[in-house]
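**Q** Take a look at the letters that make up each chain.
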Amino acid sequence: MRFKQFQKMTVGICITVMFVMVPVPAGAVEVVYPVPAYTPEELAKVREWEKTWAGKKIDKTNIDQVAEFFPSSYVELIKDPERWHAPEEGNWFMIIPYQQILEPTGVIEATKKYAPLVKTDAEGVITNYTEIAGMPFPDPKTGLEIAYNMECNTRGDTYKMMWHAPNINPRTKTDRLAKQEFTEMFFIHRTEVDPRPAIPKNPKGYHKGQFMHMYLPPEMLNTRFITMRHIDWNKEDLSYLYYAQFRRIRRLSTTERTNAIDGTDQIYDDGNMWDGHLSRNTYKYIGKKEMLLSRRQDMSKTTRRSGQGFANGYDYERCNTYVVEVFNKDPNYLYSKRVWYLDAETYTIMWQEMYDQLGRFWKCFCNHTQNIKTEQGEMKNFMVGYTMQDFQRTHSGYTDMTRYQPIKIGIPVNPNIYTLSNLQKTY
Amino acid sequence: MRGYAAFAVTILNISLLTILCTHRHAQAEMRYMDNKLIINGFVKETAYIRTTMTSREKEFHDTAVDYLTTSALVEALYTAKESEDLTIRLFGGLKWWWEKSPLIDDNLRRHIPHRDRKDYMHPRSFDDDILTEAYVDIIKGPWQFRIGKQIVIWGQLDIARVADVVNPLDLRKGVPGVDTWEEVKRGIWMIRGFYQSQLPGNLLFEFIFNPGDFRQIEIPYEGTHYGAPYHQTNPFQPGPDFGIFHWLSQKWRRDAPTWNLKKNYEWGFRIRGYTWDIDWTLLLWNGRDDGPVADPRRITPFTLLYIQAGLRSQLRGKTINPPDWPDYKVWYYKRYTTVGGTAQTWVQKLWSTVWRLEWFMEIARPLNKATNGASDAVYGWTKRNILGVALQCSKRINIPRFTQSRFATGSQLDISVTYFWEKIFNHDHDLVTADRNHAWTDSTTDQIIMFVQQPLFNQSFMFIFTGNYYLRVGKWMAVPSISYIFPGVHWRFDLGYAAFGGAKRSGRYSSRVSSTKDSIILRLRYEF
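Protein chains in written order, with this note's numbering: chain A, 20 to 446; chain B, 12 to 539.
To be clear, the hints were calculated from the coordinates, so they are not data collected in a lab.
Some hints here could point you the wrong way.
[As the list claims (entries may be wrong)] Below, a sample of chain B positions facing chain A; criterion: calculated Cβ distance under 7 angstroms:
no. : residue
1   : 164
2   : 190
3   : 193
4   : 195
5   : 205
6   : 209
7   : 359
8   : 363
9   : 407
10  : 411
11  : 421
12  : 422
13  : 455
14  : 498
15  : 500
[As the list claims (entries may be wrong)] Only pairs whose alpha carbons sit at most 30 angstroms apart, straight line, appear in this in silico BS3-like list of lysine-lysine:
no. : chain 1 : residue 1 : chain 2 : residue 2
16  : B       : 360       : A       : 179
17  : A       : 179       : A       : 223
18  : A       : 392       : A       : 98
19  : A       : 356       : B       : 360
20  : B       : 160       : A       : 444
21  : B       : 380       : B       : 406
22  : A       : 444       : B       : 406
23  : B       : 329       : A       : 427
24  : B       : 151       : A       : 427
25  : A       : 392       : A       : 75
26  : A       : 254       : A       : 348
27  : A       : 179       : B       : 47
28  : B       : 47        : A       : 444
29  : A       : 179       : A       : 75
30  : A       : 138       : A       : 160
31  : A       : 76        : A       : 320
32  : B       : 340       : A       : 356
33  : B       : 273       : B       : 340
34  : A       : 179       : A       : 427
35  : B       : 151       : A       : 444
36  : A       : 179       : B       : 345
37  : A       : 320       : A       : 160
38  : A       : 254       : B       : 394
39  : A       : 98        : A       : 320
40  : A       : 392       : B       : 92
Being a predicted model, the structure only gives us computed values, none of them experimental.
Virtual Cβ for every residue (Gly too), placed ideally from N, Cα, C.
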């Protein structure tokens with residue numbers, strides 16, 4: 020009897036040891052993705068709040084009641100319509116109900132496939148950066164992990180869009196227009212367009228290529244610009260400008276990242292809210308915060324008159340965000356601090372606050388996104404507009420990326436567009 | 012009366028443009044036929060108001076406005092076919108101008124030779140003056156062909172045309188750096204091809220063949236803003252209806268060859284590559300010189316025809332012009348070969364500067380020989396090899412306190428400095444090289460060119476400074492200007508000042524034309 024008990028106990032211990040000791044293959048760990056911004060309990064509270072607010076117009080009379088979900092600078096902007104040259108009705112926006120946003124299948128599959136394979140060094144830097152795709156950290160714990168998720172969102176791998184971007188001076192009530200066509204293609208981290216996850220023939224080690232064709236202002240008509248971002252963080256971008264008026268191809272310096280772009284409030288680092296190597300910053304994860312986000316925005320519903328710093332008619336929905344404070348490693352950098360508010364479902368920076376070198380609040384940018392059908396027939400939440408405010412100089416920027424033509428995502432892009440011969444084609 | 016009319020038309024032009032254009036939808040270019048046809052261009056009104064004028068020059072001017080031009084450029088692009096493997100586009104450009112200063116200043120008008128005046132005030136021929144470009148562009152795979160009249164720009168520097176050898180300049184109404192290439196370059200009918208290879212360095216091959224369309228450089232007319240002052244070129248009072256400069260330059264134009272496949276063909280080849288982080292080009296060009304050399308046997312008798320007429324005018328106290336243009340040729344446009352190249356790179360470790368190098372070697376460049384290099388004492392012609400090298404350093408500068416001020420609003424100062432050096436090999440003192448800004452006894456010349464640009468007030472204003480200084484001959488030019496870009500997309504206003512100096516120190520036979528041309532520049536531009 021005792022022997023039998025001993026036998027059973029021994030077998031039991033062995034089986035337990037086997038379960039405990041035998042290594043489980045990494046791929047077998049179930050990656051939970053996509054992750055909704057809210058737990059069911061949190062969502063129930065949001066729905067309760069929406070019973071009061073969804074469909075309501077928010078203006079200076081009631082902005083205080085939703086102020087906890089809005090950057091304080093924009094609360095003041097709504098309350099002070101004269102300063103931002105709003106029309107008689109003032110500045111206003113609408114509240115719409117929250118809806119979960121799902122990334123396309125390619126992102127979900129790539130995240131499930133590659134996230135468990137991500138290797139990092141002691142400082143959290145991904146060491147197999149070129150071998151992965153999708154969100155490397157579906158459940159991020161640090162600021163750097165969140166930043167990586169932001170960077171690995173390839174916006175559909177390729178896209179082409181034309182933007183209308185007035186440079187707005189509310190004090191003089193004037194606009195100066197810019198119109199540019201922009202084509203971007205990622206060479207790595209591809210999730211939607213073959214070849215995936217990377218273009219095999221990439222001897223120069225490009226991360227992504229950007230091609231811009233300018234139509235406005237007129238003195239820049241047909242001027243074209245390419246920038247190639249390297250995978251290697253130690254290699255600066257490769258940039259060329261074909262200046263149509265003088266018909267010359269000029270190599271450009273790419274280290275003046277803090278130079279204002281064409282008189283706007285945006286510096287070169289501010290493209291897509293952050294357009295530089297992640298290694299240039301340190302990241303501090305503050306926590307989650309609910310914000311009003313404009314992430315299902317029909318830009319044609321917005322209205323704006325010349326000189327108006329903030330357009331009316333945006334749709335904002337309540338959504339959780341990751342808040343990350345970003346500090347540039349260069350002590351003389353233009354901004355002493357950036358604060359990112361990233362959509363908890365797409366890792367797009369939806370709000371960004373910047374502070375000057377003296378630590379004073381300076382600028383606040385807002386990203387507007389929309390679900391757009393890709394060439395592959397899926398829906399991708401993609402930027403459709405941009406609002407920029409310089410609160411120190413009372414100056415604004417507005418970008419509508421859908422005004423002239425629909426945004427095309429996941430289209431085939433010939434890498435030859437990033438060559439010098441393409442820069443000087445007849446247009 | 013004519014003056015009032017010109018002013019009235021100028022004001023009317025501006026008013027009409029304002030009324031017609033400010034209410035249009037903000038779009039710089041016009042698109043038709045489902046975007047297949049795109050039209051753009053500009054209309055501008057430009058005035059130069061002289062602030063310095065010698066007492067001799069004042070005798071030939073009633074006003075200080077010696078340049079008042081309405082000009083326009085319209086360009087059209089038609090996409091006939093656009094697919095992944097074949098693109099066919101048609102491009103055409105037209106320009107037009109109306110110079111009104113002779114209408115508001117009778118004195119000025121009288122002292123511009125009548126033949127030149129007609130050409131100066133309006134375009135003279137469709138092909139020469141109105142049609143800037145007209146070509147078909149065919150892109151198939153790695154191949155691209157442009158066939159038709161074209162303006163080709165080789166080189167990367169701002170103002171200096173070191174490797175830019177294909178098209179001749181037209182300096183009658185403008186200068187490079189101030190006016191667009193379409194206004195200051197003469198288009199040539201040619202075939203231009205490109206091949207984008209997949210070879211290491213992304214080698215891009217380019218060839219050009221001009222099947223005999225020769226056009227010479229156009230120089231400013233006598234008595235006009237950019238041209239030789241009347242009193243410097245009219246030694247006889249009374250004398251012929253025109254100055255000796257007109258007599259020589261008209262013959263220069265008349266002696267220029269026209270279409271001739273056998274004699275005037277030109278060809279060129281260029282390779283563009285990228286090696287060790289340097290973008291480089293190498294070029295080879297063979298063609299006729301844009302400018303002529305004088306036939307030493309004929310230049311003297313030809314000049315004497317004018318002097319005889321001048322002396323007869325003096326003796327008889329009335330205007331007597333030289334006889335009609337002689338049949339013999341005085342000026343010859345000789346063939347020579349240029350090899351050259353460019354290189355540009357960005358050096359992060361050297362204060363993050365962009366460096367550009369351009370060079371040329373003119374092989375057997377024709378030059379006149381004259382006693383002590385004086386162009387009025389030509390006795391022969393010869394050939395020399397000439398080497399030119401330009402090095403440019405460009406940098407964007409963040410100026411503490413200023414760049415982030417309310418003036419600069421975050422825009423950095425863009426500055427570039429170019430050093431250009433040229434050497435004539437086997438030099439002797441009799442070579443006529445004044446037009447190349449060489450001192451009489453010096454085989455080399457060099458100059459420093461500076462370009463500074465500072466956007467202001469969120470780029471609604473733009474300050475630009477352009478200047479150069481010839482180190483050997485002491486000549487200099489400085490053009491500070493400020494542009495205001497009106498709200499919207501169409502209007503732009505420029506206010507500048509062009510100052511010139513050092514001509515008196517510039518040696519015996521160097522050009523002094525611009526020494527008293529200091530002017531205020533006013534320009535209103537409507538772009539579409």
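**Q** None of the hints should be skipped; say for each whether it holds.
**A** Against the structure, the hints:
{"no.": "1", "hint": "164", "in the structure": "holds (4 angstroms)"}
{"no.": "2", "hint": "190", "in the structure": "violated (10 angstroms)"}
{"no.": "3", "hint": "193", "in the structure": "violated (10 angstroms)"}
{"no.": "4", "hint": "195", "in the structure": "violated (11 angstroms)"}
{"no.": "5", "hint": "205", "in the structure": "holds (6 angstroms)"}
{"no.": "6", "hint": "209", "in the structure": "violated (10 angstroms)"}
{"no.": "7", "hint": "359", "in the structure": "holds (6 angstroms)"}
{"no.": "8", "hint": "363", "in the structure": "holds (4 angstroms)"}
{"no.": "9", "hint": "407", "in the structure": "holds (4 angstroms)"}
{"no.": "10", "hint": "411", "in the structure": "violated (10 angstroms)"}
{"no.": "11", "hint": "421", "in the structure": "holds (3 angstroms)"}
{"no.": "12", "hint": "422", "in the structure": "holds (5 angstroms)"}
{"no.": "13", "hint": "455", "in the structure": "violated (27 angstroms)"}
{"no.": "14", "hint": "498", "in the structure": "holds (4 angstroms)"}
{"no.": "15", "hint": "500", "in the structure": "holds (5 angstroms)"}
{"no.": "16", "hint": "B:360 - A:179", "in the structure": "violated (35 angstroms)"}
{"no.": "17", "hint": "A:179 - A:223", "in the structure": "holds (23 angstroms)"}
{"no.": "18", "hint": "A:392 - A:98", "in the structure": "violated (36 angstroms)"}
{"no.": "19", "hint": "A:356 - B:360", "in the structure": "holds (26 angstroms)"}
{"no.": "20", "hint": "B:160 - A:444", "in the structure": "holds (16 angstroms)"}
{"no.": "21", "hint": "B:380 - B:406", "in the structure": "violated (42 angstroms)"}
{"no.": "22", "hint": "A:444 - B:406", "in the structure": "holds (27 angstroms)"}
{"no.": "23", "hint": "B:329 - A:427", "in the structure": "violated (77 angstroms)"}
{"no.": "24", "hint": "B:151 - A:427", "in the structure": "holds (24 angstroms)"}
{"no.": "25", "hint": "A:392 - A:75", "in the structure": "holds (28 angstroms)"}
{"no.": "26", "hint": "A:254 - A:348", "in the structure": "holds (17 angstroms)"}
{"no.": "27", "hint": "A:179 - B:47", "in the structure": "holds (19 angstroms)"}
{"no.": "28", "hint": "B:47 - A:444", "in the structure": "holds (16 angstroms)"}
{"no.": "29", "hint": "A:179 - A:75", "in the structure": "violated (34 angstroms)"}
{"no.": "30", "hint": "A:138 - A:160", "in the structure": "holds (15 angstroms)"}
{"no.": "31", "hint": "A:76 - A:320", "in the structure": "holds (14 angstroms)"}
{"no.": "32", "hint": "B:340 - A:356", "in the structure": "violated (75 angstroms)"}
{"no.": "33", "hint": "B:273 - B:340", "in the structure": "holds (19 angstroms)"}
{"no.": "34", "hint": "A:179 - A:427", "in the structure": "holds (5 angstroms)"}
{"no.": "35", "hint": "B:151 - A:444", "in the structure": "holds (12 angstroms)"}
{"no.": "36", "hint": "A:179 - B:345", "in the structure": "violated (51 angstroms)"}
{"no.": "37", "hint": "A:320 - A:160", "in the structure": "violated (37 angstroms)"}
{"no.": "38", "hint": "A:254 - B:394", "in the structure": "violated (48 angstroms)"}
{"no.": "39", "hint": "A:98 - A:320", "in the structure": "holds (21 angstroms)"}
{"no.": "40", "hint": "A:392 - B:92", "in the structure": "holds (28 angstroms)"}
Of the hints listed earlier, those the structure fails to meet are numbers 2, 3, 4, 6, 10, 13, 16, 18, 21, 23, 29, 32, 36, 37 and 38, in rising order.
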